[in-house]
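Trainee: Read off the chains here:
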Amino acid sequence: MNRAAIVFAALLAVLAVLSLLAGRVWIAPFGDGPQNAALILAELRLPRAVLAVVIGAGLGAGGAAMQGYLRNPLADPGLFGIAPMAALGAVASFWVAPLLPAALAAWSLPVMALTGAALGMGGLALIAGRTTSDGAGGAGGGIALFTLAGLMLASLAGALTALAITLAPNPFALSEIVLWLNGALTDRSWREVGIAAPLTVAGIGVLALAAKSLDALTLGEDAARSLGVDPRRLLGLLVIGIGLTVGAGVAVAGIIGFVGLIVPHLVRPLTDRLPSSLILPSALAGACLVLAADSIVRVLPFVTELRLGIALSLIGAPFFGWLLVRMRRGRL
Amino acid sequence: MLTAENLTLRRGGRSVVEGLTASLAPGGITAIVGPNGAGKSSLLLALAGLLEPAGGAVSLDGTALGAMTARGRAQAIGYLPQSPDIAWDVSVASLVALGRLPWRDRGSAEVEAALAALDLGALRHRPVSRLSGGERARVLLARVLSGCPRWILADEPLAALDLGHRDALVAHLKACAAAGQGVAIVLHDLALAMNHADHVLVLDEGRLVAEGPPAVALAAERITRVWGIDAAWVGEPGRRGLVTGR
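Quick mapping for you: the protein sequence lines, in order, are chains A and R. At position 114 of the first sequence (counting the first as 1) the number is 115 in my numbering, and the numbers step up by one without a gap. At position 213 of the second sequence (counting the first as 1) the number is 214 in my numbering, and the numbers step up by one without a gap.
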């Protein structure tokens, strides 16, 4: 565990406690609390906090791995097809659910979102996994193809999602879709934790397997291959790892953007800047960011709770602009 | 011995090397020279096992590179691309330690030895963005050396270096060769090849048109024929200069 991981683990411990105590009803750690404090903690705040940690960890680790793979500090795992495809799957479930028995309908959203993520992963692997026979494709062709295939999938999924919104079966469904796409952890329970946690842990584990290969990419694609990196294996690990972490997050919470972009930048100054040293700390820092943001949107004095996805975009977009300014000044 | 047997290479659907047969011996410096587009970098990539031959084969001590595992090949052959872009602003020590990736160890002793060999001890904590061109070239070579490869293949490692740094890097490569490692480098500077290489491969339009000791492979009349310029060597052996004109 490196310095960054220790710092963010400690911060996460503090934020986790604050997140359990804060909300519309403040629960004092010592002394008298509301009558149903135990119920609020066990059934509302604890699953929501755990889900925030799980989703943030997945997005943070995914961001670190994606930036390492693309060798680009402005990359975000949500931009490359898998998140939009997962969102498309989830939106499609609003059509399918009414046709299913109630027991199945309850699972249609996460299942179809994960199916969308899997289709996105398959599409990315199919297109970007192709290498040219003359060897010039190698990792280089793979990375360029990965970017283009991801953008193509994202555009296609975005267009189909917009179409689905336009053709919403009824105003209620339209409202549900739009709200869901904005991302939130409101009213999530242990059921969502049960869906997202194993997939996210598995995804982070897969990304960790790619860590040393991502380090080798620091020197460029030919040098990485000369160090023994197999471009196809690396692509496969990336697609599966990102698919699991991002897909799981979208399946239970909707689109929550910018975490994967922001977090590696918070972590990098505390590490030796190699991708392998970023993945675990970025998972912890992502957990911190989502947990903190979710706690803040919960206590803001709005009539309706601000959607987490919107809040993180409000933070993320200016942060992205700041990164661009730094890049223009050659400091990134 | 690193051997190319009837090697044909294609890139982007175009033939870049055609029917090339050559043997490179360890313990000396082999220079690969030729005009732009002659296929030098492609040949070096194939010798490193990074470009799959369209025909023929490359073998290392009798074993085809294609039959070796990627890791085994990476342990045996260190490849230094031409002025690679370094994606992250890592420290010198971290960058040099990347050479240990094929061995899956930290290789502290080997990293220290590589840093010491290239006089980089004082720079170990410096971010690579704050290195001069000469320092950067030394760090990149140290990265290859830390992997203790039997062969060092470098694509124009001396390009963009001033004379002092260039001579220092040549001295390091000669030391590697003297220690028994194989060294093959792509060069554009024919005087460097003449003065420092033990063996020269001359490529033209994807074909090997000459090979042998520098004085033979780089005879003035061959330079005229391949590069299309009038050329004459001046000076004494080991300190020769090339005078050119049209």
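Certain hints may be false.
[Said to hold, decoys possible] Computed footprint of chain R on chain A, listed as stretches where at least three residues anywhere in the stretch have a Cβ under 8 Å from a Cβ of chain R:
#1 111-122
#2 227-239
#3 272-283
[Unchecked claim] Each pair of labels, with its calculated beta carbon distance range:
#4 R125(R) / A10(A): 40 to 50 Å
#5 E222(R) / G237(A): 46 to 56 Å
#6 D62(R) / P319(A): 55 to 65 Å
#7 L210(A) / E6(R): 50 to 60 Å
#8 G20(R) / G237(A): 34 to 44 Å
Keep in mind the hints are simulated off the structure, nothing from the lab. Only a predicted model underlies this, so the values are computations on that prediction, with no experimental measurement involved. For glycine and all other residues, C-beta sits at the position ideal for the given N, C-alpha and C.
Trainee: If you test the structure against every hint from before, which numbers come out violated?
Mentor: 1, 4, 7
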